[in-house]
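A.B. asks: Can you make the complete structure from the sequences, with help from the hints?
Protein chains in written order, with the numbering used here: chain L, 21 to 130; chain S, 86 to 197.
For the record, the hints were derived by calculation from the structure and aren't laboratory data.
What you are looking at is a predicted structure, and each value in this text was computed from that prediction instead of being measured.
Some clues are possibly wrong.
Here chain L is said to cover these stretches of chain S; the calculated rule only asks that three of the stretch's residues, wherever they fall, bring their Cβ under 8 Å from a Cβ of chain L [said to hold, decoys possible]:
#	segment
1	118-130
2	177-184
Below, a sample of chain S positions facing chain L; criterion: calculated Cβ distance under 7 Å [what the hints assert, rightly or not]:
#	residue
3	E133
4	N141
5	F188
6	Q190
Away from chain S, derived, C-beta distances all over 12 Å, residues of chain L [said to hold, decoys possible]:
#	residue
7	D31
8	N39
9	T54
All C-beta atoms in this analysis are idealised placements derived from N, C-alpha and C, irrespective of residue type, glycine included.
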Amino acid sequence: LAKTTQPISMDSYEGQEVNITCSHNNIATNDYITWYQQFPSQGPRFIIQGYKTKVTNEVASLFIPADRKSSTLSLPRVSLSDTAVYYCLVFSGGYNKLIFGAGTRLAVHP
Amino acid sequence: KAGVTQTPRYLIKTRGQQVTLSCSPISGHRSVSWYQQTPGQGLQFLFEYFSETQRNKGNFPGRFSGRQFSNSRSEMNVSTLELGDSALYLCASSSGGNTEAFFGQGTRLTVV
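C.D. replies: Right, here's the structure in full:
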């Protein structure tokens, strides 16, 4: 399973755009990239998934370069409620066995 | 549509006891996975059940076991509890393929 590397922590301010980059150098051809958000004492929540190029939904964008060795989660205009841990994962064969790394602890300040 | 339901939400047990946790997946989801989350080890995969069969297993001792019923509800059992088993236990359900997994709120187990 591909290992991911992402910053341990990040700080931002309300209204700013936040970009969290994840490195996955050993990603396999059939691996997908997914991002989850977790608040304290709650289960992780799915944010976005992609395979290549760019994916956008109502909460975030995911940028994946052609070599797929990294990906960037972009959160537009963050608010205090976006303070959470963000996990980047790569997987193949379904969401039935997810391997989580340490995640990125994002703190949004007023 | 109801989300993933885990019961109980909180539990306190004594070392050496056993505990059973329950997870009701989203209706129609046949895959249920279990995870343990601790401050030191983070989120770790325990095992996954699909159609009442264990399909995947993580690197946990045999004291951790599970099962799935015909209605896809799943239970996780931990026997001979140790202090280090104190954790947030999460279950996730998915319909399969590359559609996302949905997590429950978790069961906070404290072993004293």
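A.B. asks: Please flag the earlier hints that this structure goes against, numbers listed from lowest up.
C.D. replies: The structure conflicts with hint 9 only, although it agrees with all the remaining ones.
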